[in-house]
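2 protein chains.
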Amino acid sequence: MKVSNYLETEATLELPGVLKREVINASDGAPNSCMRVFELEPGSSTPSHSHAWEHQVYVLSGNGVVEGLAGEREISRDSVVFVVPEEHHCFKNTSKETLRFICVIPLQ
Amino acid sequence: MKVSNYLETEATLELPGVLKREVINASDGAPNSCMRVFELEPGSSTPSHSHAWEHQVYVLSGNGVVEGLAGEREISRDSVVFVVPEEHHCFKNTSKETLRFICVIPLQ
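Keeping their order, the protein sequence lines are chains Z and C. Position 19 (the first sequence) corresponds to 11 in my numbering; numbering is contiguous. Position 20 (the second sequence) corresponds to 12 in my numbering; numbering is contiguous.
Some hints could be false.
The list cannot tell twin chains apart, which means a pair is met if one copy fits it or any two copies do.
Claimed, not checked - Think about it this way: if two alpha-carbon atoms lie no more than 27 Å apart in a straight line, the pair counts; the simulated BS3-like pairs of lysine-lysine are:
#, residue 1, residue 2
1, 12, 84
2, -6, 88
3, -6, 84
4, -6, 12
5, 88, 12
Keep in mind the hints are simulated off the structure, nothing from the lab.
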């Protein structure tokens, strides 16, 4: 069993204004999926892209939008987002506070 | 893409004082894992048990303990817990507020 605070995991700067922490991954013995925590600074966004794997997202704090095939949807604390495989998607922080969310993906 | 608030998902009473919501599951098209949100009322706990699959847990609010092979560890908001396959584990709310956490498991 691993017990930690998410801040104990080293952060990597994925893009300007976008921090990522892999809080549970294969190095912990995870056999199936990886749990990451993202922090987007105000005005920042993830690239609009698609890939073969899905995203399971839970918003921890902040406000923003997620863009998918059906357009933009607002997200805030306690929002749940499921991005299906191959769907174009993009997360944007449209607020003045950090947008923080969990994103679980299958191990590649 | 599915976007919702976790409260929009119907809750089931798993045990006295233990609510479960499957906020992302196979019915949403999830191919690999299931995201659940648990709410434990003060004094409540999940049973001490083990199983072949792992847990990826993120604590959203409240305080409590998780019991594993190495004994009890305190958990609170932003705690991350990885329970390895076959490990005995038990979550307990030791506070006076609801203990709320995400728990991701592989699809069975």
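Any of the earlier hints contradicted here, and which numbers? none
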